[in-house]
Amino acid sequence: MIPASFDYVKATSVDGAVAALVKGGEDAKVLGGGQSLLPVLRLRLNAPSVLIDVSEVGEMRSVTDDGDSILIGASVTTYEVMHNELVKEHAGLLSLTAGVVADPAIRHKGTFGGSVAHADPAGDLPTVAAALDCEMVIAGPNGRRTVAAKDFFVDYFTTALAADEVLVAVRVPKLGAGWSYNYQKFNRTAQAWAIVGVAAAVKSENGTITEARVALTNMGATPIRATGVEAALAGASSSEAIAAAASKAADGTSPTSDLHADGEYRKHLAQVLTRRAVQAASGI
Amino acid sequence: MTATAETTDTTKAIGRPIRRKEDERLLHGRTNWTDNIQLPGTIHMATLRSPMAHAKITNIDISAAVASEGVLHVYIGADFPDLPGTTCVWPVTDDIVMSHMPAICTDEVRYVGDVVAIVLATDQNLAVDALQLIDIDYEPLGAVVDMEEALKPGSPLVHESAGTNLCYTAKMPCGDYEAAKAKADVVVSRRFINQRLIPNTMEPRSVVAAPMGMSDEITIWTSTQIPHVLRVLLALLTGIPENHIRVVAPDVGGGFGAKLQINREEVLALVLAKKLGRPIKWTEARSEHFVSTHHGRDQIQDIEIAATKDGTVLGMKVDLLADMGAYLQIITPGTPLLGMFMYSGIYKMEALDFTCTGVYTTKTPTDAYRGAGRPESTYAIERIMDELAAELGMEPMELRKKNWIKHDEFPYTQIAGLTYDTGNYEAATERAMEMFGYEALRVEQEARRAAGDPVQLGIGISTFTEMCGLAPSRTLGALKYVAGGWEHCTVRALPTGKIELITGTSPHGQGHETAWSQIASDIIGVPVEDIEVVHGDTGRSPYGMDTYGSRSLAVGGQAIKLAGERLVEKARIIAAHQLEVSPDDVEFSAGTYSVKGDPEKSTTIQAVAFEAFTAHNLPDGVEPTLSGEATVDPLDFSYPHGTHLAAMEVDTETGKVTLRKYVCVDDCGVQINPMIVEGQVHGGVAQGIAQAMYEGAVYDAEGNLLTASLAEYLLPSAADLPSFDTDRTVTPSTTHPLGTKGIGEAGAIASTPAIINGVIDAIRHLGVNNIDMPASPMTVWRAIQAAKSGGN
Ligand SMILES: Cc1cc2nc3c(=O)[nH]c(=O)nc-3n(C[C@H](O)[C@H](O)[C@H](O)COP(=O)(O)OP(=O)(O)OC[C@H]3O[C@@H](n4cnc5c(N)ncnc54)[C@H](O)[C@@H]3O)c2cc1C
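Protein sequences, first through last, are from chains A and B.
So the number in our numbering is just where the residue sits in the first sequence, counting from 1, plus 856.
So the number in our numbering is just where the residue sits in the second sequence, counting from 1, plus 35.
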């Protein structure tokens, strides 16, 4: 279908984007790559009066090294996240996962910030943001603030962003030496969203896991850190120990049911995929 | 991947894998899709569709829409109370309950997607905007979603006046099944669900209707497979004289049966173009397509097979429930019956007891979809053969070999009365098994089982045949189909020696322009490049029965051959006159007429064409101009066959199914263009795999379509499919003068049971003996869980 008509503003700076949002009021929306927003408009599930396009705001288009972390502009595309050298070196889990998002055409248009701001529980990149303890750099009429991933994702398609705020960048802490990682995405066709996804990063020494981060996609309203698994993995050095830890993956979750999977099946998948992700990451 | 590069006679066009002439234009976007047509003064139509599956319309308020920007008219059912939106040309039984689908619903809606109002505006966007301003009150009447529930007393009625949801019961008892069953050592029965599918063409439906000004003619361009049939039906439905209607199918981006239809949007566009005197245009959105373009399949199949313990099949009982949806469209009730004769597949048996019950529900109407009836019958027989093999403890291919018709038994009249002209199941199977590495895969399967590998391997078999070329006309008449099965061709030699081949077939992706040129090139001796194929326009190609049911080559090819031969014979008389000899003394080869024994004395078909044009020196009694014309009613159906093998991996921990390897050897008789055959096989196989693994319409209890977009209704892409290994055997048809059969639907018919047989073969040892399609990970995982806990 065709979206209802709307006004379009091409922002050239973060301040300009925020000013346009304030001016547009409740009915204004930020436009990133449009890969999630435009389908919503075409189905006429939403009809904003103005779209403020931030996809070419210079400050939001770069990846920079910032000491212990890298800073990825919100308008950096998924394709660029996949191939950027800094991301590959310091946040390999993110570039690996970017490669399983949708299809090449969508990866070229869709943005990292758009994916995080959209907060689809089936999105792959928000899960990685949660696993890596990223911080969101947000600009609004009262200046800038930073929100940790665990506080950023609030509910289905709902984040800590206010209507007049723009996500400027995502700060990704560097993983450092000794870490390895894996992302398991379970879906039915190549370009489809995850039915369940699991991001795992583990630090190991001499065949024993010393520290682990495990986050789940589509197991609830937001990305979920599988803290029970993480705790149980510390000290694991056998596939049995990993399997035992992974069996806690669905603890405390209440995933939704849809046509592809009901909640019970999702819980089962979370355990299998967690085991596989940790095994693949750790090589144990 | 193909092994079909061999070339026969390099002087012949037939048999050469030449690239499709039409592709360069199509690939460069120099196309004429219906939605590309822009006529001055066009009025855009948008359709408001019912959000309710079944309800009474209690009030309609169009005032806000009428006042909306750009809106010219808003029409509701009351404006066209007697205008039908479609018609059914196949009342399959004497006591069938027919239905009336209004162009616009008047007082009741019967499925989500039923049309309740239309807006005409100066711009498409404004027309869509105004739809949201129409206010309709509905009073729910109760959805009818499940076929078995629909037949129970007390069910809400889709058509109240009929007093029942039962549309028809068709029976075809062949032989004495009860007697056969009494002799049997083994009887196996299963319930298969051949799920509802939603055909998705690349090009959505679209129509433009325009009064042409210089006459009473209204031209209607529409994305259809059936311009000729549509013209007749539009005339009958609207009362507009047939000779005032010209139907053009311009470039059509896929059909698969979904455009073998007469649709209410076409009826409305035509009627409104006449009423308002301006062009009317309508194009569906993909989301609209999901609810409004007819659906396919949707059968519950209760299948029983009886055999002796040595594996000799005795008979089969088929009991179908077929979902019609809310209304009968063009061949809705006949579609399941197109498979009626094919339930015995390639096997010999004494009895086949067939019953089909058509049921109305409050869902989108069903109708033909690639294979129409034969995918369902093939699925049933090929699945039940595997179940029988398991029950008997026989290797499934051995069971098939024991029961199939041997190559030296053709022509063979099978249990339903069809005579299969030719076939060689042994040869196709042997080649397929060799390419597949059948034995090695069985060894690997054993090893994985023994090791308890979480990923199990299965081999899926489908040794299929199907019937192509809906025809002959007398047979169709006997089946109560209201049209014939003939096809027409005119071959015209123009004064400059170029050829126009006018066909009644109507391609929408099949490559007719190339294949028809190849046939004509060999017959009249003119290069393929010099032949222009004219099609899909009742103004330029007045006679035809169009394209569906793998009929175009099977039937249309015969007309091309005969028309070409007639042209050659007329030209021979003129050539003989020019060469001053008797026609009997003139030889014709590769476009040249020469005097027998004196080949220096010769002329060409192009030169004769010019003579026929000037008509200065024609023999007495010979009329000017050079053409050949033929309308051919075929002798019989034709029966392509093949062996398809699938290696399936099932991840028993997650239920995920992966197609590892797919081999198929198809026999469609003589191949006019092996590259086109290859393309048809690839597309068809992919579509059949899609039914097995991905597709399936799902409705909720209120009759809402839950799989209403490509996000929920999964279609595989190239990334989900392996490279297919294809080859062929060639067993020429004896009922077709070119020896050809049909290939348009074969892949879609054959592949679905191969996939499911493979999935079950992988996990049968765990206790699984059936999986409802699509074999989604959750479905397969649940089947394994259920088997583990004792049930299935
Ligand atoms: C067919 C298909 C398949 C897909 N499959 C996957 C998949 O497998 N995995 C996956 O993770 N994703 C998938 N996606 C989603 C894709 O990755 C999207 O591009 C992404 O989620 C949104 O990014 P975008 O830049 O397109 O955002 P947009 O569509 O432009 O915006 C999305 C939302 O975020 C808001 N927004 C965007 N940028 C900002 C900003 N800088 N500040 C504040 N708000 C902002 C918008 O207002 C809007 O509400 C798929 C999309 C499609 C169409």
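Some hints could be false.
Computed, partial: chain B to chain A, Cβ under 10 Å [what the hints assert, rightly or not]:
| hint | residue |
| --- | --- |
| 1 | 98 |
| 2 | 157 |
| 3 | 159 |
| 4 | 163 |
| 5 | 171 |
| 6 | 216 |
| 7 | 739 |
| 8 | 741 |
I should point out that these hints are in silico values taken from the structure, not numbers from a laboratory.
Fair warning: this is a prediction, and the values are worked out from it, not measured in the lab.
Idealized CB from N, CA, C, for every residue including glycine.
With 10 Å as the cut and Cβ atoms as the points, is residue 171 of chain B at the interface with chain A? 17 Å, violated
Holds or violated: the hint that residue 98 of chain B contacts chain A, with Cβ atoms closer than 10 Å. 20 Å, violated
Hint validation: residue 159 of chain B versus chain A, beta carbon distance must be below 10 Å. Holds or violated? 7 Å, holds
Just to be careful: measuring from the Cβ of residue 163 of chain B to every Cβ in chain A, is the smallest value less than 10 Å? At about 6 Å, which falls below the 10 Å cut-off, the nearest Cβ of chain A leaves the hint on residue 163 of chain B intact, so it holds.
Could you check if residue 216 of chain B really has its C-beta closer than 10 Å to a C-beta on chain A? With a minimum Cβ separation of about 40 Å from chain A (threshold 10 Å), the hint on residue 216 of chain B is violated.
Do the numbers back the hint for residue 741 of chain B, that is, is its least Cβ distance to chain A under 10 Å? OK, holds: residue 741 of chain B within 10 Å of chain A, min 6 Å.
Take the shortest C-beta to C-beta distance between residue 739 of chain B and chain A; is it under 10 Å? This interface hint is violated because 12 Å lies over the 10 Å limit.
Taking the closest Cβ pair, is residue 157 of chain B under 10 Å from chain A? 15 Å, violated
Going down the numbered hints, you'll see the structure goes against 1, 2, 5, 6, 7, while the others check out.
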